[in-house]
Every structure is written in C-alpha cells, then in structure tokens.
Amino acid sequence: MNFTILITAPVFDSQGAYSAYQFAKNVFAKSHSIEQIFFYNAGVYNANRFIAPPSDELNLVQLWQMLAKQYSIKLHLCVAAAQRRGVIEKNLADGFSITGLGQLIEAINASDRFIVFN
Amino acid sequence: MNFTILITAPVFDSQGAYSAYQFAKNVFAKSHSIEQIFFYNAGVYNANRFIAPPSDELNLVQLWQMLAKQYSIKLHLCVAAAQRRGVIEKNLADGFSITGLGQLIEAINASDRFIVFN
Amino acid sequence: MENLPKSMLFVLRQGPHQTPQAREAFDILLMASSFANKISLLFLSDGLFQLIKQQDTTLLAIQNFTSAYKALTLYDINNVYVAKDDLLARGLTEADLILATTLLDDIEISALIAQHDIILNY
Amino acid sequence: MENLPKSMLFVLRQGPHQTPQAREAFDILLMASSFANKISLLFLSDGLFQLIKQQDTTLLAIQNFTSAYKALTLYDINNVYVAKDDLLARGLTEADLILATTLLDDIEISALIAQHDIILNY
Amino acid sequence: MLHIINKSPFISLALKDCLRFAGNTDAILLIEDGVYAALETYMSKHLIPLNLNQLTIYALNEDIYARGLIDRISSKINIIDYPGFVDLTLTNNPIQTWS
Amino acid sequence: MLHIINKSPFISLALKDCLRFAGNTDAILLIEDGVYAALETYMSKHLIPLNLNQLTIYALNEDIYARGLIDRISSKINIIDYPGFVDLTLTNNPIQTWS
Numbered sequence: 000m001n002f003t004i005l006i007t008a009p010v011f012d013s014q015g016a017y018s019a020y021q022f023a024k025n026v027f028a029k030s031h032s033i034e035q036i037f038f039y040n041a042g043v044y045n046a047n048r049f050i051a052p053p054s055d056e057l058n059l060v061q062l063w064q065m066l067a068k069q070y071s072i073k074l075h076l077c078v079a080a081a082q083r084r085g086v087i088e089k090n091l092a093d094g095f096s097i098t099g100l101g102q103l104i105e106a107i108n109a110s111d112r113f114i115v116f117n
Numbered sequence: 000m001n002f003t004i005l006i007t008a009p010v011f012d013s014q015g016a017y018s019a020y021q022f023a024k025n026v027f028a029k030s031h032s033i034e035q036i037f038f039y040n041a042g043v044y045n046a047n048r049f050i051a052p053p054s055d056e057l058n059l060v061q062l063w064q065m066l067a068k069q070y071s072i073k074l075h076l077c078v079a080a081a082q083r084r085g086v087i088e089k090n091l092a093d094g095f096s097i098t099g100l101g102q103l104i105e106a107i108n109a110s111d112r113f114i115v116f117n
Numbered sequence: 000m001e002n003l004p005k006s007m008l009f010v011l012r013q014g015p016h017q018t019p020q021a022r023e024a025f026d027i028l029l030m031a032s033s034f035a036n037k038i039s040l041l042f043l044s045d046g047l048f049q050l051i052k053q054q055d056t057t058l059l060a061i062q063n064f065t066s067a068y069k070a071l072t073l074y075d076i077n078n079v080y081v082a083k084d085d086l087l088a089r090g091l092t093e094a095d096l097i098l099a100t101t102l103l104d105d106i107e108i109s110a111l112i113a114q115h116d117i118i119l120n121y
Numbered sequence: 000m001e002n003l004p005k006s007m008l009f010v011l012r013q014g015p016h017q018t019p020q021a022r023e024a025f026d027i028l029l030m031a032s033s034f035a036n037k038i039s040l041l042f043l044s045d046g047l048f049q050l051i052k053q054q055d056t057t058l059l060a061i062q063n064f065t066s067a068y069k070a071l072t073l074y075d076i077n078n079v080y081v082a083k084d085d086l087l088a089r090g091l092t093e094a095d096l097i098l099a100t101t102l103l104d105d106i107e108i109s110a111l112i113a114q115h116d117i118i119l120n121y
Numbered sequence: 000m001l002h003i004i005n006k007s008p009f010i011s012l013a014l015k016d017c018l019r020f021a022g023n024t025d026a027i028l029l030i031e032d033g034v035y036a037a038l039e040t041y042m043s044k045h046l047i048p049l050n051l052n053q054l055t056i057y058a059l060n061e062d063i064y065a066r067g068l069i070d071r072i073s074s075k076i077n078i079i080d081y082p083g084f085v086d087l088t089l090t091n092n093p094i095q096t097w098s
Numbered sequence: 000m001l002h003i004i005n006k007s008p009f010i011s012l013a014l015k016d017c018l019r020f021a022g023n024t025d026a027i028l029l030i031e032d033g034v035y036a037a038l039e040t041y042m043s044k045h046l047i048p049l050n051l052n053q054l055t056i057y058a059l060n061e062d063i064y065a066r067g068l069i070d071r072i073s074s075k076i077n078i079i080d081y082p083g084f085v086d087l088t089l090t091n092n093p094i095q096t097w098s
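Protein chains in written order, with numbering that gives the first Met the number 0: chain A, 0 to 117; chain S, 0 to 117; chain Y, 0 to 121; chain G, 0 to 121; chain W, 0 to 98; chain Z, 0 to 98.
Some hints here could point you the wrong way.
Stated by the list, open to error - Not the full set, but computed from the structure, chain G residues with beta-carbon under 7 Å of chain S:
#1 4
#2 5
#3 23
#4 31
#5 74
#6 76
#7 111
#8 114
#9 117
Simulated from the structure, these hints should not be mistaken for laboratory data.
Built from N, CA and C at the ideal position, the CB exists for glycine as well.
Make the full structure from the sequences, and use the hints.
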C-alpha cells in the first residue's frame, strides 16, 4: 500500500508530529511505501533547522531527515503556511522542500491511504 | 501601575499573542508602565524575524518591534524554550533579546500586576 | 495508479478567529477543487460560529476570513452541511448564517461521512 | 519597588506527555524557588495524570519528565495539592501517585488560590 | 481576583473549572473564543442557574464584534473594551488566565 | 472507516463527537492522550453504556505505557502497537483523525 501522510502538529508543542514519525517508520518497516509526507499548519515548524534541543532530548527534525534519506522520500511543506510561521529557505532543514498545496492534492489522489497527524 | 506580561501563545496559530499586544498598547495609552514583556513556551515564535505574512495580513512581529521602540521596552524570551523551537540569534527579530527565566521572576517580583496571555 | 480525483469532506469544528485552522483548511479546499476533486463541507460544534452573519473584525483590525465562504459557489462548491443539533445548542437558526446550507441530523451526518473517500477534520 | 519574593501557585491541568506545558512550567517553578519565592503546586483535571506511578516512556523513546517531581522536596517545595473530585473522576487513589500530596475539596482549593500573589495556570 | 477565559465554553473546560473555584466577589473576563459564553443562550442555560450573584462577568467588545455576537449577548454581561480591560486589571488582583 | 482520537476524553469533545457519527462497523484507535478513554473507569461509565457492540476500540500500547496505564485498561479495549496501527490502516479506509 501507498500512503500520504499529512502532519499539522508542530515539532515540540504537541506529540502529533512524533506520532507521525513513528507511524512512518513502521510503514517502511512493513515494506509499504509512502507517496508523500506533507507538513501544513503548525506542522511546518518540523522543517526549521535552527531547532536545537539539549543533546539528551529528542531531535525530531534530525529524525525526519534521517528517515527521508534512508528511504529516499521528499518531505514537503506548504510555502504559504511556512512563510506565515517563519520557515523559509534560510532556515530550511536539508531533506525538506518548500512546495504548494497542489503537491498534497496530487499525492492524496495518487495514494491508497491518507492519514493526518494533528 | 507597573505590569509584567507573559505570553505563551504562538504568533500565528492562536489569537493570544495578538490579544497581549492590544492589551500592552492600551496599558501605555493609559500612561501605565510595563516592567517586562516575556515570551515563553510557544510564545517564543513571536520573535522570529523570518515570519513573512502576505502584505495585506497582520505582521505581529513588526507590531511588537514598533511597540518596543516607541516605549523603549525590552522584549525578552527564554533561551531554552527558544532553542527547542528554532528561534536563535540568526533569526531573532530586532528589539527582542534572548534571556532566561530569572529575568521573568525578577520582573514578577518587581511589578504590581502580572498577566498571562495563552 | 490512476490518480482519479477523490471526493473530500472537510469537517470544520472550530470557531473562526482564535486559530487559523478553518482558514488554512479553506486553502486546501480551493486547491482540491482546482484538481476536480468533489468537495463537501460539514460544520459541526463550534465550526458553526464560522458562518454567523455580521462578523465585524474592524475593531480588532484583523481580516475577516469567513467572508470567503460567500464565494464557495463561484468555485462550484455547493455541498455545505450543518449539524442541526449543534445549531440549536448555540441558539442559532438558519437565518443567522451567511450562506445557504443543508441541515442534517446526526444519522444523516453519519451517512454523509461514509460517502466520502477522504475526510479532513479541522 | 521593594522586589519582595511573591508567593506563586502553579495550577497544572494537562496530561504529562502530549504537550510540554507541565515540563516548561516546572522550569519556571525551579527558577522561582531559587529567588526564594514561596511555591505551591495544585493538580487539577488531567493534571493529575502527571502524578501517576509507573509511567514508562522507553517504548516511545522519549524522556519521562514527571520523575522530576520526586525531586521537589530537594528544592524545599512541599506544598503539593490535588483536587479530590478530579482524582475520583479518574478512578485514581492517593496510592497511585508518585509523591505525597494533600487532597483538597473544591472549597478548600478556592481558599488556597485566594492565598497566593501570583497564579500560573498551565 | 480577575479570571480570564479565552476558550469556548462549548469545547473547553476552562470556564467550568474556573467557576468551581472562583470566589464570591471575583470578576471573570471573557476574551477571544471565551466570549461565546456571553451568549444569551449559554448564560441562561448554564450560568444563571448557578446563582453567581456577586460574581461579575465581563466580555470584550472587540471579540464580540469580530464574532458577530453583539445582538445575542446576555443582559447579565458587562461589555467592556480594551481600555476597560486595563482598568479591570487595576481594580482586581491577582489575575489568573485559565489555560 | 478508522477514527483516530488523540485528545483526552476528560477535556476534549473529540471522542464524543466521533461517537455521534461513527458507523456500526467502524474502528476507533486511541493514541496519545486519547488512551485515557481506555481506562476501565472511563469505559465502564461513559462508553459501555452506549452499547457500541460492533464498534471496535483499539488503543496504542506505547502511549498506554508512557502514561502508566497498563494495569488500568478496560478489557473491552484491543491493545495494539505501532506495527498493529499500520495494519489497522490497511484493513480500514478511509481514516479520519479528529482534531
């Protein structure tokens, strides 16, 4: 099966984005595929490379990057949602790309499953 | 009277930070003073200078900066809360300064009124 | 994969001004409609407050996003549903709403949800 | 201005893991205690879930912040209160909690709140 | 004491929790989505039966207008604007904002 | 259909709204603070009386352990882990996450 995952939860202020990461990891572990991971609403904060938690804490931005690299997937975020929240090219983490909502709709139409983490 | 204002609401995802701005403006309009405006929790997002809403929308970061300049007040944010959320010197808006929670406690003890916007 | 447009139901359950949720959901909806996806809107709970007439944000000096709903028909989006029970619970009637909607009871809403390929709950 | 330390009541009403609210409130509390402010904690509503024993976050691979509460007495913070009604509503008893607390009914809580200079509600 | 409530009473417990503990002479200020509690419908059904005689409830005019509620507000509500909000914080202390 | 609930039933209407509309054969998955609804206390008081015979309720093991609830979960609850969560999304479609 082929999944599209939409993440609307911010990186630190709620558990939702981390749940999405755990889910995505297990999708791959079961040999399914992910059409797209898309960050919208406060979810765009997941792509801010300036995020620097203490070393003994979870760094979700890095976890997303490692996942994207390992499975060669793109992490998309909506340009309008990102600009309003101060995530722009200058602080965009590697592995993420700033795109538009059209990408999300295409992915939804192309995949077998659509799941939201908020 | 002398106020300390604590803002725990993010800049775009809830109305709280804007309510705090309106309140602060009216405190000055009534010739009271503000000991400190402190941003904590998701409130630290208010200090991200990369925030760039469309030109017909409110830019709260700019409004904070103008207020701080007009009334010569410091806008403080907690370093630990800011690092976890990707607000660091590189994207810190002018007029804000990264400090610690000690500043907040001192301000609370030194002021007549303490009010939170969440 | 055929990439057929899917039917999408937007379930809106929050008031209009405290969060940008409804407004950002609207942007998804517009984009989806340009991809020929069939769109429906369902207002539940505090989502009904988005549709109240006479919202006047000039004193707050912010934009009133909800006026955009009046343009829904321009985008050929005509399936707008409202939970009857939630309207009553808020002391509102159809006459209080800025656009024509279809009132549904909970059983009808259950059937509506079941008819869609994709459900986005904001 | 005299800058006398003020008494502070932290009202904690959210569960431990979904948001960082309780954990960041704790950092304010530690700082305030180092300024000799008198500190009290009041757990209401879902805040009680912060105090449940045997929270085990190893499967989630996140830190368990709530173990920090066991160190409260090291910082001379001994005023920890819990809403009796909210404990009952969640099927919990004092034996389920990781630290010794004082159970209060709603009238006693009302009096407790009224005794403090500063109230921080998280 | 001044209690500030900024969440809708239809979907949040903030107001309900506040009312459990508010003192007789406290003031409650409804702002943002909190102003939905000032609706005649809500007040007459949920608040007036509580007999909160001495408790004064205020609601913020700017947020009432933004939500299109001005013609639906209970007569028990004192409507104030931002300057009035500042005045309330002068006469009532401490201030507790419910999360 | 699979419904995902990640909010506490004690402070959010997500589960209550979901139950108003869930179909007889739908599945509900409780994750994050949603797992508090799986407590024996909550289930026996609020859910079992609703007679949700054909509706299956799942709860996520990792979130149950994190919250110290493993010994307090209702016997009506099907406890699954993340791999089981993925399986649920294969057998149930569409998936609605309640905000």
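How the hints compare with the structure:
1. 4: Where the cut-off is 7 Å and the nearest Cβ of chain S is about 6 Å from residue 4 of chain G, the hint holds.
2. 5: Given a least distance of 6 Å, the restraint on residue 5 of chain G holds.
3. 23: Since chain S brings a Cβ to about 5 Å from residue 23 of chain G, closer than 7 Å, the hint holds.
4. 31: holds (5 Å)
5. 74: violated (14 Å)
6. 76: violated (15 Å)
7. 111: Given a least distance of 18 Å, the restraint on residue 111 of chain G is violated.
8. 114: violated (16 Å)
9. 117: holds (5 Å)
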